[in-house]
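> Residue numbers (our numbering), protein chains in the order written: chain A, 655 to 994; chain B, 655 to 994; chain C, 655 to 994.
Keep in mind the hints are simulated off the structure, nothing from the lab.
Don't take each hint at face value.
Chain copies aren't distinguished; within one or between two, either way the pair holds.
Stated by the list, open to error - As a list, the in silico DSS-like pairs of lysine-lysine whose alpha-carbon atoms are at most 30 Å apart: (1) LYS698 <-> LYS857; (2) LYS923 <-> LYS728; (3) LYS923 <-> LYS857; (4) LYS721 <-> LYS857; (5) LYS728 <-> LYS917; (6) LYS721 <-> LYS960; (7) LYS857 <-> LYS920; (8) LYS920 <-> LYS856; (9) LYS721 <-> LYS923; (10) LYS960 <-> LYS728; (11) LYS698 <-> LYS915; (12) LYS856 <-> LYS960; (13) LYS917 <-> LYS856; (14) LYS721 <-> LYS915; (15) LYS960 <-> LYS698; (16) LYS856 <-> LYS970.
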Amino acid sequence: KKNDIFDLSGYVMFDYDRFDASLLEDGTESSSLVEIRRARLSLKSDINDLWEGKFQVDVADGDIDIKDAYLEYKGWSFADLTVGQQKENFGLEKLTSSRNLLMIERSMVTEAFAPGRSLGVSLSGELPSVYWQLGYYAPDYATDSEEASSAVTGRIAWVPWQENDNLLHLGFAFSEREYDGEQFRINERLEVNQADSLLEGKKIDADNVSLQGLEILWVQDRFTLMSEWQQASVSSIEQEDYDYEGGYVQFGYQLSGGFRKYKNGKLSKVSDQGWELTGRYSEFSLIEENEDAETYTIGLNYTLNKNVKFMGDYIKAEHFEAGTSVSSGNAISFRVQYSF
Amino acid sequence: KKNDIFDLSGYVMFDYDRFDASLLEDGTESSSLVEIRRARLSLKSDINDLWEGKFQVDVADGDIDIKDAYLEYKGWSFADLTVGQQKENFGLEKLTSSRNLLMIERSMVTEAFAPGRSLGVSLSGELPSVYWQLGYYAPDYATDSEEASSAVTGRIAWVPWQENDNLLHLGFAFSEREYDGEQFRINERLEVNQADSLLEGKKIDADNVSLQGLEILWVQDRFTLMSEWQQASVSSIEQEDYDYEGGYVQFGYQLSGGFRKYKNGKLSKVSDQGWELTGRYSEFSLIEENEDAETYTIGLNYTLNKNVKFMGDYIKAEHFEAGTSVSSGNAISFRVQYSF
Amino acid sequence: KKNDIFDLSGYVMFDYDRFDASLLEDGTESSSLVEIRRARLSLKSDINDLWEGKFQVDVADGDIDIKDAYLEYKGWSFADLTVGQQKENFGLEKLTSSRNLLMIERSMVTEAFAPGRSLGVSLSGELPSVYWQLGYYAPDYATDSEEASSAVTGRIAWVPWQENDNLLHLGFAFSEREYDGEQFRINERLEVNQADSLLEGKKIDADNVSLQGLEILWVQDRFTLMSEWQQASVSSIEQEDYDYEGGYVQFGYQLSGGFRKYKNGKLSKVSDQGWELTGRYSEFSLIEENEDAETYTIGLNYTLNKNVKFMGDYIKAEHFEAGTSVSSGNAISFRVQYSF
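Bound-form chain A, shown alone:
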């Protein structure tokens, strides 16, 4: 067995976080921590013109997790078929590879809602000015379940104009998710990965969860603007309803020239090496729990070449209960990212 067309790649991210005690659950003094944030290895093979396969694993703390593991069929004119473990098509920021994010961490709402990877079957197609995806998945909420949970997730993006460095993307996505009594719970950090989860919702034995999201992406030469709004309605098995919502607005500006690339309805990497200035406002609300959070971030990224990237973010985060600020703190995060 010979592997003629075969691509091995990967990336490692080293992170340093320094943050106030207020971003810890029981913190008494500020913390400085380092970690390997992600270490990923990917194998991609073009089986032939019609079939493509990908296999990706993540290594962390002694564990290895299968991320992407799918087979894609590109032989139909109306849509491509993907079978296996894959990202569910919900959320522009979630669908953006972690290597290509504007900020070091994704926004609270993306982390809280976006389903991530599941075993399933999906279709993705392209019409004039439109990208669409639709999939049926068996998310893995619980490992001992006798019955796979199920989810239908879809996304459509209208791109009224699209040139290399000038485009507008307007997207809508939804996900209808059966939980069969498995637990749903909001448990989120305020966009600092080595700090603690301060946003803690009720533990809900969920019957089903409905997600909706709106996306805007505008690329105009050196300037990128990206924003999403998402909401989740959770029905418990005792017929109670819980609502959550949030969103963010973020921008990037290529100080050294160039632009952010866009491909198949997703944000991709910068076109040129050099400096990028970024900023974000992000918020998240647990409506019935009467709990909120807000963050403001500014950042500076430096892309050395296709393999090496540096990122720095300053984050100001505030946490509210019943409308009153219960904690507020600052953090700085640095990342060295190495792709191969």
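Following the hints, complete the assembly by docking chains B and C onto the known chain A.
Same frame as chain A, now just chains B and C:
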């Protein structure tokens, strides 16, 4: 250090199982489950004409397990020497790579008895019309043991005639295994991997285990017939004896033409792409426990190309205690298999 | 994304140990055990002339651990910069790759003191006749800590003369390590990996640890002499001091000719295939605990080619408490090592 002759490969299997509640220990309704059945990565290197190395890992549920990890010396005329972790040479179906099985799962008797991989040293040779293997192994029954367990396992196959698409293979294999008080227990599913283990033998503090097996493989053009009979005698440290036995008959028929390949005393992949019809009868008996099981399976496989294969099986399984059927159920299993 | 300059390699070591009951904590009879001692996979990429990246994982017992994971910048004339997870520069034997050791296991003092790999930043440079390294690290003593521990580790080696097969290396290394109350404890085997840890020091809630080490390496044609002396001073958070010290002298002699290579202040592999005779005397003392150990080892290595190496060691170990021998035993170890 440059790696001139080096082969990286792997495979991923995605499985869907739907089965009756009767195939679960405490099931009340039928189940549908999906899983990544196997995800394997292999490195093979031809060191030179005389030495060859292989290293293979399996990734599952956060864990990574070393499968094959051995060094093979091919410099002697009478036999090849293999040192390291390797499959013990017992059981035609076990020695068949999971990528090349006729059915989605191996038979009950193979799963129950065949030793699988152990650290050890083995010889494998070829005489006119005969393949033989003999090895001394240190199976890893318990991790805290002060003393490695040991096993001697051998196999001989007589192949009275052998052309590409026309051969007869008659094999015998044995394994004499020291347990030193480690536990032996039959704990098997009825050939549906995501269902529960219904065949549950006594937990025996074993002194030693003797295994014997008979193998028949007949390939005649599009038709492949394969059958094994195996038995195990377990002596406990209290001098009690327990006996187990079982076997299967299975066939494959290449609807689209071609034949099943055969190599070094083992079944290999199909020669051509296309459809294959399969069937199996399988049984297993725990004699002292007076417990039995039987399965009937029919299946259909489609080999798209050397990278992609689809399999579907319908299984009818029955479980007996003291000769009386205690549960019986049906299952369907589908597999998408991607090799790279 | 195409990977033009990219190097995948790895190695697997298979070990057999047979040792007396006295090398086990509660042993009653001698033991024979086998194991896969190390299974490592490395990816190395030359990003360009200035940047280089390495990623290495170790697979063992279901776990996968990130070993080297760093990015190296070689663009400055005075020093190279390394960012990420890397070996701290302490101890000649520790810095020698496990593939190139003279004996199967490293000495007690190296295993007890040398910090191994940490996340951090280091500089390494070269002056006429001098190699130096200096780094700042965040060792991972505890996983739940709110504050990263920190360490400054440095090493300098003077090489008064250096030809291919004739050199003298005199080195000094230190490490100043903040523990912030995390536990320090000596817990070492007597250079037989599958035996038990007999050297057991007090569990100390450490405030800081100071390490110092001296190194000599002398290569003269077929003969290699290598020796280190190291000491550790541990201050507990209750202001108590504990001292530990130890060292070894070991040699290698290339029976078949050739010599041991030396590169960037570290011992490397043999220049030619063939036989190597080795020997070692090693000792270690827990001063306040009044506990000591000594080992004598002789060994024979055979390097078949750049991929395959065999090693055999005979070890005589003795363990003293308050100056009195409490146990003494013999062991033999064999290794088959396969690099690819």
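> Please go over all the hints and tell whether each is borne out by the structure.
Hints and how they fare:
no., hint, result
1, LYS698 <-> LYS857, "neither (39 Å within a copy, 45 Å between copies)"
2, LYS923 <-> LYS728, "both (24 Å within a copy, 26 Å between copies)"
3, LYS923 <-> LYS857, "neither (37 Å within a copy, 50 Å between copies)"
4, LYS721 <-> LYS857, "within (26 Å within a copy, 38 Å between copies)"
5, LYS728 <-> LYS917, "within (17 Å within a copy, 34 Å between copies)"
6, LYS721 <-> LYS960, "both (22 Å within a copy, 24 Å between copies)"
7, LYS857 <-> LYS920, "neither (33 Å within a copy, 53 Å between copies)"
8, LYS920 <-> LYS856, "neither (33 Å within a copy, 56 Å between copies)"
9, LYS721 <-> LYS923, "both (20 Å within a copy, 28 Å between copies)"
10, LYS960 <-> LYS728, "both (28 Å within a copy, 17 Å between copies)"
11, LYS698 <-> LYS915, "both (21 Å within a copy, 28 Å between copies)"
12, LYS856 <-> LYS960, "neither (43 Å within a copy, 50 Å between copies)"
13, LYS917 <-> LYS856, "neither (38 Å within a copy, 59 Å between copies)"
14, LYS721 <-> LYS915, "within (24 Å within a copy, 34 Å between copies)"
15, LYS960 <-> LYS698, "both (18 Å within a copy, 16 Å between copies)"
16, LYS856 <-> LYS970, "within (25 Å within a copy, 44 Å between copies)"
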